[in-house]
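**Q** If you want the building blocks of each chain, they are given just below.
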Amino acid sequence: MIAAHDSLIVHTITRVLLPVIQLYGIYVLFFGQYGPGGGFVGGVIFGASLILTLLVFGARSNENYLAKRALRVEGLGLIIFAGIGGLCMIFAGQFLNYSAVPIPGFDLPTTRSIGIVGTMIGVAVDIAVTTISIVDSLSLADQEGRLV
Amino acid sequence: MLVWNDLPLLILLLVSAFGAVIVRDLIGAVLILGSYSFFLALTWAWLGSSDVAFTEAVVGSGMSTVLFLFALFQTVPKENPSSHRDTPWFAAIGLGILGLLLLYGGTDVPRSGDLAAPANVYLSPIYIQQSSAQMNTPNMVTAILMDYRSLDTLIETAVVFTAGVACAILLRRQNP
Numbered sequence: 001m002i003a004a005h006d007s008l009i010v011h012t013i014t015r016v017l018l019p020v021i022q023l024y025g026i027y028v029l030f031f032g033q034y035g036p037g038g039g040f041v042g043g044v045i046f047g048a049s050l051i052l053t054l055l056v057f058g059a060r061s062n063e064n065y066l067a068k069r070a071l072r073v074e075g076l077g078l079i080i081f082a083g084i085g086g087l088c089m090i091f092a093g094q095f096l097n098y099s100a101v102p103i104p105g106f107d108l109p110t111t112r113s114i115g116i117v118g119t120m121i122g123v124a125v126d127i128a129v130t131t132i133s134i135v136d137s138l139s140l141a142d143q144e145g146r147l148v
Numbered sequence: 149m150l151v152w153n154d155l156p157l158l159i160l161l162l163v164s165a166f167g168a169v170i171v172r173d174l175i176g177a178v179l180i181l182g183s184y185s186f187f188l189a190l191t192w193a194w195l196g197s198s199d200v201a202f203t204e205a206v207v208g209s210g211m212s213t214v215l216f217l218f219a220l221f222q223t224v225p226k227e228n229p230s231s232h233r234d235t236p237w238f239a240a241i242g243l244g245i246l247g248l249l250l251l252y253g254g255t256d257v258p259r260s261g262d263l264a265a266p267a268n269v270y271l272s273p274i275y276i277q278q279s280s281a282q283m284n285t286p287n288m289v290t291a292i293l294m295d296y297r298s299l300d301t302l303i304e305t306a307v308v309f310t311a312g313v314a315c316a317i318l319l320r321r322q323n324p
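Read top to bottom, the protein sequences are chains A and B. Be aware that the first sequence starts at 1, since it is given in the numbering used here, and climbs by one per residue. Be aware that the second sequence starts at 149, since it is given in the numbering used here, and climbs by one per residue.
Any given hint could be a false lead.
FRET-style restraints, in silico, Cβ to Cβ [claimed, not checked]: (1) Val-257(B) <-> Ile-90(A): 17 to 25 Å; (2) Ser-61(A) <-> Ala-267(B): 20 to 28 Å; (3) Ile-21(A) <-> Val-169(B): 31 to 39 Å; (4) Val-257(B) <-> Pro-104(A): 30 to 38 Å; (5) Gly-105(A) <-> Gln-278(B): 43 to 51 Å; (6) Leu-250(B) <-> Thr-110(A): 31 to 39 Å; (7) Gly-86(A) <-> Gly-242(B): 44 to 52 Å; (8) Val-73(A) <-> Asp-256(B): 42 to 50 Å; (9) Gly-93(A) <-> Val-169(B): 37 to 45 Å; (10) Ala-314(B) <-> Val-73(A): 15 to 23 Å; (11) Gly-105(A) <-> Ala-311(B): 36 to 44 Å.
Hints are computed from structural coordinates only; laboratory data are not their basis. Built from N, CA and C at the ideal position, the CB exists for glycine as well.
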């Protein structure tokens with residue numbers, strides 16, 4: 001179990017930095033179509049911000065409710081990714097061929113672009129949830145000396 | 149062919165890699181490994197592949213350092229000296245031969261940006277010419293990863309998910 005950090009400076013700086021880190025993660029995720037970045041990097045940055053809350057405020061505080069909620073949706077990102085592929089198959093296309101899904105009002109390249117955004121969100125959710133899950137598994141191990 | 153501008157980064161890479169192996173303090177070794185990943189990210193950025201550099205900087209020197217430190221908190225932070233009893237001659241000679249073979253094979257690898265290389269002849273031009281028009285995605289790397297080769301990315305995502313599930317199964321047992 002991770003105890004809270006006892007320094008006021010660390011708490012204050014974390015409260016200032018945390019929204020910036022999370023906003024940057026989301027920016028990297030959606031800017032991945034136009035520059036370096038993408039779902040993997042955005043998910044890692046967002047997961048790192050969740051780990052920061054866990055390390056600074058402790059595992060039992062109310063500040064890291066997002067990390068606690070994230071543990072309940074393990075596998076959601078994979079479902080989003082594979083679900084988009086299955087949606088393409090429902091509309092009589094190949095698996096993960098985004099142009100098969102007809103979205104009214106959008107032409108073909110925009111449809112594929114929307115499919116890319118959806119799968120990137122799936123990858124980011126999967127990576128962020130998996131990192132926080134691994135950290136939670138590692139920090140649970142020393143509770144009452146269960147392992148070893 | 150050695151480009152002399154690459155030499156400082158290459159020396160930093162080699163020094164940090166040797167340091168991570170030699171240092172006996174495991175937390176110090178993890179931090180040196182993080183700096184190794186950072187120098188590797190600088191090398192990728194120097195070679196012009198900014199997507200790989202970004203991923204290496206975030207994952208290699210950020211996330212994996214944190215995960216290594218979390219794992220080290222469960223053990224003693226010093227390396228056990230009894231694991232260094234005898235010199236592994238077979239591994240030393242075998243790795244030397246393997247390195248020589250890799251150096252020999254490296255002479256056949258096409259140079260970066262070679263127009264006659266097989267990878268640049270028949271598939272890359274299609275991606276470069278058509279990715280922006282076909283899916284409104286100017287970043288070709290994202291277009292390849294998420295549309296042309298999205299099945300590979302799906303399996304990679306499944307691998308990451310499997311790693312998380314394996315950690316949970318191994319570490320969250322009630323009665324070991």
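**Q** Next, verify each hint and record whether it holds.
**A** Hint-by-hint comparison with the structure:
Roughly 44 Å separates the CB atoms of Val-257(B) and Ile-90(A), a value that falls outside the hinted 17 to 25 Å. Remark: the range hint 20 to 28 Å for Ser-61(A) to Ala-267(B) is contradicted by a beta-carbon distance near 51 Å. Our hint of 31 to 39 Å for Ile-21(A) and Val-169(B) holds, since their Cβ atoms are close to 32 Å apart. The hinted window of 30 to 38 Å between Val-257(B) and Pro-104(A) is violated, with their beta carbons roughly 49 Å apart.
A hinted range of 43 to 51 Å is violated for the C-beta pair Gly-105(A) and Gln-278(B), which are about 24 Å apart. The supplied range of 31 to 39 Å is broken by Leu-250(B) and Thr-110(A), whose beta-carbon atoms lie about 46 Å from each other. Between Gly-86(A) and Gly-242(B) the Cβ separation comes to about 47 Å, which falls inside the hinted range of 44 to 52 Å. One distance hint, 42 to 50 Å for the beta-carbon pair Val-73(A) and Asp-256(B), holds here, with the actual separation near 48 Å.
Range check, Gly-93(A) to Val-169(B): about 50 Å between beta-carbon atoms, so the 37 to 45 Å window is missed. For Ala-314(B) paired with Val-73(A), a C-beta distance near 18 Å keeps the hint of 15 to 23 Å intact. A hinted range of 36 to 44 Å for the beta carbons of Gly-105(A) and Ala-311(B) is consistent with their spacing of about 40 Å.
Against the hints set out earlier in the document, violations occur for numbers 1, 2, 4, 5, 6, 9.
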